[in-house]
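Chains as they are written, first to last, in the working numbering: chain A, 25 to 291; chain B, 23 to 263.
Since the hints were made in silico from the structure, they are not lab data.
Among the hints, erroneous ones may be present.
Unchecked claim - Between beta-carbon pairs, the in silico distance windows are:
#	chain 1	residue 1	chain 2	residue 2	range
1	B	G117	A	A174	52 to 62 Å
2	A	A174	B	Q40	48 to 58 Å
3	A	G70	B	A88	41 to 51 Å
4	B	G199	A	G28	54 to 64 Å
5	A	E164	B	R161	25 to 35 Å
6	B	G166	A	K253	56 to 66 Å
7	A	V223	B	A154	45 to 55 Å
8	B	G166	A	A276	51 to 61 Å
9	B	V171	A	P191	17 to 27 Å
10	B	G166	A	A280	37 to 47 Å
11	A	A280	B	R161	30 to 40 Å
12	B	V103	A	E126	22 to 32 Å
13	B	A154	A	S220	40 to 50 Å
For clarity, every value in this text was computed on a predicted model and none was experimentally measured.
For each residue, glycine too, the CB sits at the ideal point set by N, CA and C.
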Amino acid sequence: MIAGASFGPPSGRVRRLRFVPRATIPLEIACVVANGVRETLRELLGERCELVLGEPAALGARAWGELARDALLFLTRGRATEIVLVLPHADARRLVRFAFGERDDGAPELSERACSALELHALARIAARCAAAFEPLCAEAHDVARPVRASEVPACAAYFDLRLHAPLALTLGIGVVRELPEPAPAGALGPHALDSVTVEARAVFAEGTLDAASFVKIRPGAVVKLDTKVGAPASLNLEGRRLATGVPGVVASRTAFLVHDVALGAQ
Amino acid sequence: MIGASPLDAYERVLSRAQDLRDAFRAGATPLNDDVRTAPNVVPSADPLSFVPPPGAWLVTRGADGARAYERDGALSLESGVLRTRSGADVLGYPGGEARGAIPVPLRVPDTDRALGRAADARVEPDGTVAYARAAIDPRTGARGTERVVLGRIALARFPAGTHPARIDGTRVAAPHGVVPHLGTPADGAFAELATSSRDAGAIDVAAGVARLDEAYRAFEALGAAVKSRASVQKTAVDLVK
Chain A
25 MIAGASFGPP SGRVRRLRFV PRATIPLEIA CVVANGVRET LRELLGERCE LVLGEPAALG
85 ARAWGELARD ALLFLTRGRA TEIVLVLPHA DARRLVRFAF GERDDGAPEL SERACSALEL
145 HALARIAARC AAAFEPLCAE AHDVARPVRA SEVPACAAYF DLRLHAPLAL TLGIGVVREL
205 PEPAPAGALG PHALDSVTVE ARAVFAEGTL DAASFVKIRP GAVVKLDTKV GAPASLNLEG
265 RRLATGVPGV VASRTAFLVH DVALGAQ
Chain B
23 MIGASPLDAY ERVLSRAQDL RDAFRAGATP LNDDVRTAPN VVPSADPLSF VPPPGAWLVT
83 RGADGARAYE RDGALSLESG VLRTRSGADV LGYPGGEARG AIPVPLRVPD TDRALGRAAD
143 ARVEPDGTVA YARAAIDPRT GARGTERVVL GRIALARFPA GTHPARIDGT RVAAPHGVVP
203 HLGTPADGAF AELATSSRDA GAIDVAAGVA RLDEAYRAFE ALGAAVKSRA SVQKTAVDLV
263 K
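Given these sequences and hints, build the entire structure.
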């Protein structure tokens with residue numbers, strides 16, 4: 025369990041420090057999903073969309089119940105996890121009205137009424153299009169997003185919200201039913217830890233074998249024929265070990281080595 | 023005094039005693055105006071605690087839906103709704119402007135309420151109730167914050183010379199036929215709120231003690247008079263016998 029530190033609500037003069045579960049959704053993946061949803065909405069609404077995402081949070085059953093209570097839910101099943109798109113009713117009405125070309129006139133009687141069957145169908149289509157952006161979370165979606173009731177999906181373990189600021193204000197929730205596997209621990213040391221260390225590298229573009237008699241006869245102007253064929257890859261060696269293969273060349277006034285393949289651990 | 027009812031005198035003692043009991047109660051309305059004084063404003067670490075300007079009342083709605091007016095500005099967010107210490111919903115204007123708007127309870131958005139994001143909500147001098155929540159730009163991954171405004175707290179003022187009808191120690195209602203003026207702090211009609219403060223009572227303790235002493239002496243004098251009159255009547259009856 026990964027926990028984050030947080031301050032609870034004030035109790036008298038004190039806000040107690042508490043540890044709360046932290047979602048394991050990598051922020052990079054949440055950003056990819058958000059960007060995908062933004063582009064999908066841009067295509068569907070025909071206007072430039074601006075959105076930000078909220079910090080991914082771990083959810084308890086109670087919090088999930090509150091989030092799902094007054095919202096339309098669309099489930100996308102995947103290999104890694106299931107994703108639930110949470111669209112609060114009020115936001116759903118605004119979204120579908122905008123999609124149908126009605127602009128928000130602030131009339132409460134319109135925003136309070138229930139969606140018609142046609143509007144629900146349109147919302148399901150929008151959700152299905154947005155679900156394509158969930159691929160980084162699902163890892164192979166098994167089917168298209170379909171509308172479900174809250175009782176038909178297990179409580180989500182993690183959640184983040186996409187807050188659309190333009191062309192209309194609404195919130196799309198992304199619920200993750202099963203937490204993603206925790207990423208492998210990063211290396212203890214980064215490459216920058218070796219910044220002060222220098223090594224001597226040798227680029228070898230050809231090799232051959234000479235007998236001793238030929239070696240002692242070498243004079244200026246002599247031509248030594250090597251075993252390596254023309255066009256064979258050169259190697260970059262460190263302490264006799266081959267680190268990479270590539271092509272020798274020139275960059276500006278210096279010789280250079282264009283790496284084609286890195287052979288870590290190779291002899 | 024002899025003609026006064028002993029029960030009335032006793033009630034006066036009780037009302038004076040009640041005023042003293044409420045001397046340090048935030049937002050308390052004394053039963054007797056002659057002990058009322060300016061609120062004793064003291065600092066508070068609670069960002070949701072404030073003191074309304076003199077003569078201004080918070081507009082609240084109780085569980086029964088009835089509108090009331092209170093001066094205790096020690097508020098809290100319960101179930102995502104801004105409430106007074108008495109549990110009544112605090113009314114305000116989500117759009118920020120009082121003109122042409124009906125005050126409604128100020129609520130935290132459902133998502134933020136479920137995720138507990140409004141823990142650092144605060145009341146600002148102009149009555150704005152706001153909090154900050156994390157916002158991440160998906161293009162860059164940069165973290166920032168965005169401000170969420172629940173609205174501005176509504177204030178009410180009764181016409182000069184009007185005595186609000188007392189409901190209990192901290193709540194009053196508008197007298198029949200009187201419509202209070204509604205607005206928001208710092209809107210020109212109302213002064214700013216004294217934020218991060220609390221009302222430590224608006225009753226003059228010294229005056230309250232003196233008035234209680236007077237009421238008690240009056241009650242004692244009336245009691246003595248009643249006792250004396252009873253004694254005279256008894257003597258007269260004995261003579262007749």
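request  = Determine which of the earlier numbered hints do not hold for this structure and return their numbers in increasing order.
outcome  = Failing hints, ascending: 1 and 8.
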